[in-house]
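From just these sequences and the hints, can you work out the full model?
Protein sequence lines correspond, in order, to chains Y and L.
Residue 378 in the numbering used here sits at position 173 of the first sequence, with consecutive numbering throughout.
Residue 371 in the numbering used here sits at position 237 of the second sequence, with consecutive numbering throughout.
I should point out that these hints are in silico values taken from the structure, not numbers from a laboratory.
Among the hints, erroneous ones may be present.
Said to hold, decoys possible - Each pair of labels, with its calculated beta carbon distance range:
(1) Arg379(Y) with Ile247(L): 32 to 38 Å
(2) Ser368(L) with Ser265(Y): 25 to 31 Å
(3) Lys210(L) with Ala271(Y): 39 to 45 Å
(4) Glu248(Y) with Lys340(L): 38 to 44 Å
(5) Glu312(Y) with Lys210(L): 45 to 51 Å
(6) Phe168(L) with Pro258(Y): 39 to 45 Å
(7) Ala163(L) with Pro258(Y): 47 to 53 Å
(8) Glu345(Y) with Ile341(L): 25 to 31 Å
(9) Asn324(L) with Lys251(Y): 41 to 47 Å
For each residue, glycine too, the CB sits at the ideal point set by N, CA and C.
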Amino acid sequence: MITRGFSGKSTDNNLINPIPPGQHVVEGFPVLTAGPTPRVETEDWKFTLKVGPKPLKVWSWQDFQALPQTKMTRDHCVTSWSKLGTAWEGVLIDDILADAGIAPPSEFLLAHSFDGYSTNVPLADMVLGKAMVAMKFNGEPLPRDHGGPARLFVPHLYFWKSAKWVNGLQFTNRDEPGFWELRGYHIYGDPWKEQRYSHD
Amino acid sequence: MIEISSVWRTVSITAVHRQTRTIKSFFLALSEPFLHVAGQFIDVRLTAPNGYQAVRSYSIASAPSINGILEIAIDKLESGEVSSFFHDVAQVGDLIEIRGPLGGHFTLEADVIGPVLLVGGGSGTVPLMAMVRQRVAVGRDQAIGLLVSARTWDDVVFRDELVSIEKTTSDFTLTLTLTRSTAGELEYFNRRIDAAMVKVALDRLKIFPEHVYVCGSNHFVNSAVEHLLESDVSSSSIRTERFGG
Numbered sequence: 206m207i208t209r210g211f212s213g214k215s216t217d218n219n220l221i222n223p224i225p226p227g228q229h230v231v232e233g234f235p236v237l238t239a240g241p242t243p244r245v246e247t248e249d250w251k252f253t254l255k256v257g258p259k260p261l262k263v264w265s266w267q268d269f270q271a272l273p274q275t276k277m278t279r280d281h282c283v284t285s286w287s288k289l290g291t292a293w294e295g296v297l298i299d300d301i302l303a304d305a306g307i308a309p310p311s312e313f314l315l316a317h318s319f320d321g322y323s324t325n326v327p328l329a330d331m332v333l334g335k336a337m338v339a340m341k342f343n344g345e346p347l348p349r350d351h352g353g354p355a356r357l358f359v360p361h362l363y364f365w366k367s368a369k370w371v372n373g374l375q376f377t378n379r380d381e382p383g384f385w386e387l388r389g390y391h392i393y394g395d396p397w398k399e400q401r402y403s404h405d
Numbered sequence: 135m136i137e138i139s140s141v142w143r144t145v146s147i148t149a150v151h152r153q154t155r156t157i158k159s160f161f162l163a164l165s166e167p168f169l170h171v172a173g174q175f176i177d178v179r180l181t182a183p184n185g186y187q188a189v190r191s192y193s194i195a196s197a198p199s200i201n202g203i204l205e206i207a208i209d210k211l212e213s214g215e216v217s218s219f220f221h222d223v224a225q226v227g228d229l230i231e232i233r234g235p236l237g238g239h240f241t242l243e244a245d246v247i248g249p250v251l252l253v254g255g256g257s258g259t260v261p262l263m264a265m266v267r268q269r270v271a272v273g274r275d276q277a278i279g280l281l282v283s284a285r286t287w288d289d290v291v292f293r294d295e296l297v298s299i300e301k302t303t304s305d306f307t308l309t310l311t312l313t314r315s316t317a318g319e320l321e322y323f324n325r326r327i328d329a330a331m332v333k334v335a336l337d338r339l340k341i342f343p344e345h346v347y348v349c350g351s352n353h354f355v356n357s358a359v360e361h362l363l364e365s366d367v368s369s370s371s372i373r374t375e376r377f378g379g
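Next comes the structure, spelled out in structure tokens:
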């Protein structure tokens, strides 16, 4: 349905990079956070890899800096927002799994955060260079408001999948919905298919 | 679990009210009424003749009701293509597309009992207004406090209604701070939100809140939450909704 008197901003029709339907470009970061912003110092920071309830390996901040560091420049989306050409740096999920020395025991992962929130991402969307635990943004330490000191970064899915203040990954037997997914957000979250909400 | 709907539907604008210098309320008539939960929002979709679409989320200001009229309040943002459309173009009788209700976290269900503190910065007061109106409509003895930060007396969204509710409802307390003004009619603060102000809002509530809702710019929410935590409000009782970069 055409809206009477609406033409849109002309710049939005002339983007160099494609953005998914229903998205638009913003300069700053939009925010999707359910509660208080946690304060996590790097000396207290830990990252735990679990299989079900069982911890498999725990890394300190120092341990994490010693893992291979990778840069990614991707577009990403959060609900109806997009941000183009941002540069992220951190540790690929591939390198975390390699350092733990395990073969993935299931096809599903649940990412956990310091503030108790969680989000589910299939293993296939996390490996082969598709996702990382990001610790830098445009060369600077990741600001606390945007998930610092470290957040998950899964640029091909909606941004709530890129869990802020991430502190671990857990292999689950089935695709377990996380915090936002239990509250009506889509179980997978493909921005190109506009999978924002459960029934999309 | 809260039900949400992601089906697009066409609604008509039945009334437009100016609330403040930058905020207008739009009343939308639903052909099939739905019952939202206070705090939820809707997505609004505008379509240009060339097919370009813009989608934005706006909080619902009206209390849940089956009367089929939904009130949203929209802050005019500089270079905001959708908010500019609403402020400068939209008229009574225009049709727009919406989907909702949406949002399953920043919500206060009508059957939740216990004291509640709401903290809003600027247009962040909009979803909190639905919560205030709901509690007034339900009419049980449930303490509810609202702490609002606005630039000036004339920037307090829903000001006259809030002042009137405070006069007529003993369970409702309004604490106001104006960050860029000294004019006004009530006792209020003239500074940015701080711990002392949060303490006054908590004291006025008389009973310590079980649920705290904070909405506003990211900067405002971070500041408000910090002062709530300093005032011994537990992190797990605080729900936030943020906008802006």
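The hints, checked one at a time:
1. Between Arg379(Y) and Ile247(L) the Cβ separation comes to about 36 Å, which falls inside the hinted range of 32 to 38 Å.
2. In this structure, Ser368(L) and Ser265(Y) meet the distance hint of 25 to 31 Å, their C-beta atoms being roughly 28 Å apart.
3. The supplied range of 39 to 45 Å is broken by Lys210(L) and Ala271(Y), whose beta-carbon atoms lie about 50 Å from each other.
4. As the Cβ distance of Glu248(Y) to Lys340(L) is approximately 41 Å, the hint placing it in 38 to 44 Å holds.
5. Distance hint for Glu312(Y) and Lys210(L): a CB-CB separation of about 47 Å, consistent with the stated range 45 to 51 Å.
6. Between Phe168(L) and Pro258(Y) the C-beta distance comes to about 40 Å, which sits within the given range of 39 to 45 Å.
7. Checked against the given bound of 47 to 53 Å, the beta carbons of Ala163(L) and Pro258(Y), roughly 51 Å apart, stay inside it.
8. For the pair Glu345(Y) and Ile341(L), the beta carbons lie near 44 Å from each other, so the given range of 25 to 31 Å is not met.
9. At roughly 44 Å, the beta carbons of Asn324(L) and Lys251(Y) sit within the given window of 41 to 47 Å.
In summary, the structure is inconsistent with hints 3 and 8 from the numbered list given earlier, while agreeing with the others.
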